[in-house]
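Each chain, written out:
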Amino acid sequence: MKWVGRPLPRYEDPVLLQGRGRYTADLAQGARFLRFARSPVARGRILAVNAPPEVPTITAAVLGDVKPICPRLDRPDYVAVAQPILAHERVTYVGEPIAAVIADTAAEAEDLAEQVAIEIEAETPVVTLDQALAPGAPLVHEIASRNTLIDARFETSDVSATFAAAHQIVEFTFTSGRQSAVPLEARAAVAAFDAATGRVTLSASTQMPHLLRTGIADALGIPEAELRVVAPEVGGGFGQKMALIPEYVVAVWAARRFACTVAWIEDRLENLTASFHARDQRLHLRGAFDADGGLLAIDADILCNVGAYSNFPATCGVEPLMALADMPGPYRLREYRARARGVASNTCPMAPYRGVSRPVITAAMERLMDCAAARLGLDPLEIRRRNLTAEFPHTSVTGVVQDAGSYREAMEAAARVVDFAQFRARQQTARADGRWLGLGISVFAERTGPGSPAFAARRMVITPGFERVELAMDPSGFLEARIGSSPHGQGLRTTLAQLIADEIGITPAEIRVVASDTDRTPYGWGTFASRSLVIAGGACKLAAAMMRERLQTVAGQILEAAVSDIEVSDGRAFVRGTDLGVEVRQLARAAYHQSHRFPAVAETGLAAAATYDPYGTFSNACHITIVAVDIATGQVTIERFVVVEDAGRLINPMIVEGQIHGGVAQGIANALFEQVVYDDGGNILTGSLADYLVPTMAEIPGLEIHHLETLTEASVTGAKGVGEGGTIGAPAAVLNAVSDALAPFGVGIFEMPITPQRILQLLREARCKAQ
Amino acid sequence: MSDKQDITFTVNGEKHVIRVEPRRSLADALRENCGLTGTHLGCEHGVCGACTVLVEDQPVRSCLMFAVQAEGARVRTVEGLAAGDKLHPLQQAFWDHHGLQCGFCTPGFLMLAVGILERDPGIAEPELREALSSNLCRCTGYQNILKSVLAAAAEMRK
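Same order as they appear, the protein sequences are chains A and Y. The working numbering applies: residue -1 is where the first sequence begins, and numbers increase by one. The working numbering applies: residue 63 is where the second sequence begins, and numbers increase by one.
Just so you know, the hints here were simulated from the structure itself, not pulled from any lab data. Among these hints, one or two may not hold up.
[Said to hold, decoys possible] Computed cross-link-like contacts, SDA-like style, restricted to lysine to any residue with a CA-CA straight-line distance of at most 25 Å:
| id | chain 1 | residue 1 | chain 2 | residue 2 |
| --- | --- | --- | --- | --- |
| 1 | Y | 209 | A | 635 |
| 2 | Y | 148 | A | 7 |
| 3 | Y | 148 | A | 652 |
| 4 | Y | 209 | A | 702 |
| 5 | Y | 66 | A | 112 |
| 6 | Y | 148 | Y | 74 |
| 7 | Y | 148 | A | 13 |
| 8 | Y | 66 | A | 103 |
All values reported here derive from a predicted model rather than from experimental measurement.
Can you build the whole structure from these sequences, using the hints too?
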């Protein structure tokens, strides 16, 4: 029986459904609690930190020589800035941790933190891109002139001439509001000191436990062996839980200093103001087209407001450099010029958030295609048909190699599902009735599962990439798979078991995937960049093939048959074409307890390990949505949302669809609802979930998902990553649909989120212009 | 804040006598005094609904209710849903239909749905959608939560 391709219910679920899953905060029983005193102002000089004598306060001075967080890129256009674990001398954003107190309960710690008096000489902050880039603007970091932390450029040889000769040039500025990933579980740490060994076990809500251990050990100047990092159940991450944060360093430091268990449980206000943000971007885009709608050249000026510091390990280059490298997306392009800057401001730092820049650049590129189509009198499908890459592998203008995909096929399939021609007729009828319907298309290619070469190309000093998997079968025939990656809701324990089961010939129920514990798993990078199924899954398949060979060897000996004649299936090894066989659990027992009979596997025993570090593979999809816009209220209602996704081979279709569902919902949220808003003083006005509008079931429509399965050779399992695609594609489809609906009013949308207020404002402006 | 009060209430059919500060929320009392950490805290300001429990069979945000207000009340949490090894039809439906990913919002959604379906087993989909929009989920896009609750409703009507 084969397991890959089946919608197997998840092994993760029974525990979670009964409230028995242990998230980090659930481990805080008996801990002492940390609470941070944070900066109430966005920019200024710290004059004093005073606390009553009965409030023992941890400040930068108390931490002593704990090192700052200083993420690096090996490129001359990057300025590395160091983030102190606790601010001293200066504060650079509202919410920056300045001091910490410790108490026996969380409530008492909160009381004590309020008694810490912080005197700051406030200065006028730089909050927006324009403020930060203005000539003579105050500098967030003295070493970064023009507040520019990265300034990357790319240019092919003939861009200017191509624009000069172009039939049409489409040009606009596209803006994305600042957004937050908002995992439902905020960040949390429980650091437990063990007096017997002197070690600390840090349980933390993290996506990358191994690198977190490296980062904390480096900051504290201790060997990594003195620290164990465990990610228990993690309540969502979406990138926000990738980065090393000062709070975790302080928690481990305090556990060691006070020889106790210390907990820090972030509250939602801290999460919305002082965790990481993303997508605060402005793109100026010019596209040159020929008379047939062929895209000839792109010229892009990409500005990313990256906040006060650079995140570790991705750095503040993650958004600008992703935008620079991946702007052309699924389209053929010869001439390309881009400048991508990461601009510092007195705001919360940026970190990767599901999709990283691509929700924004895809929205901008897809708006460009629709604008060019309208200008040239082409159908939006037709202009894409003429420009989508159809031959693979394709090396993009920036040197990125796209493996086999189905860019055009996915679009044609989605257009058939929505019956594009029929919609146009319905749209005409509706317009006559004063109802404003719009259809929006979004086509994209998503780089997934990038290995170390991709990160080396970005010139990261730390290049995440490989994943290692270690398999061990115990004498009862039960298999343990220890993986370096670290899932947090993706169902990896189930999908990896399906992959391993098929490769060995056992059942997933006999496999336990062990993850997220630096004491129990090989060094690995965790879950981000739509990588875990591709890379950890690839390593599982490679290791499982070795394990099967070992079992075949043992079986050949027992059954007195040639190893090449042994098949393993459904937990049984047998001689092909006969009924002569032996159970895998009997093989396991024999391999351990009668090892003298099997000299060929004596050295490894029933263990196998493999490392996989691929170049990466491109998923692709087409999203088409139909919306209705109420021009009296500005309300956008999504009538229909269709996704045709090609994520290669589907290991567990149910889990794949779940990833697309959640991704699209976040993309719709990015397009219509969510925005972190700062006032001029750098104070966050959206510090609660009543202000930062995460959509509910009432706002997210039913999603229709269809699959294509291009079997790529770029991934040993044939599977492509699927974690981010939904979020990448959805904003473009929604913005194109709203623009299509409002086309009769001369309104086009070049910003996200596009809120009812903004729609009404744009309609008013268009009316004024028309008069 | 140190004047603690004794309160007596029933959680999942079991009597609990706990001593809490007046400011302690019901959620914190369940998690810390009763050791029932299945009730999760996602925002502590009454928006996300991760902490939803049933008080006298009504879905309640346990982060917005003081523990002392639960004096004498009958409280139900996710830990009390299954009957031994047998999952509640809602738990089973969430498992069958992939109604959860990271699982953090799940206890709140389960208790909300139990409250809704016990009151109105035949609730129509539009009203159900509206009622379930009380809580937030960040992973599933709500698709399979709705599917799971509809499936459980059909099962519970049998």
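TODO: Return the numbers of the hints above that this structure violates; sort them in rising order.
DONE: As far as the earlier hints go, not one is violated by this structure.
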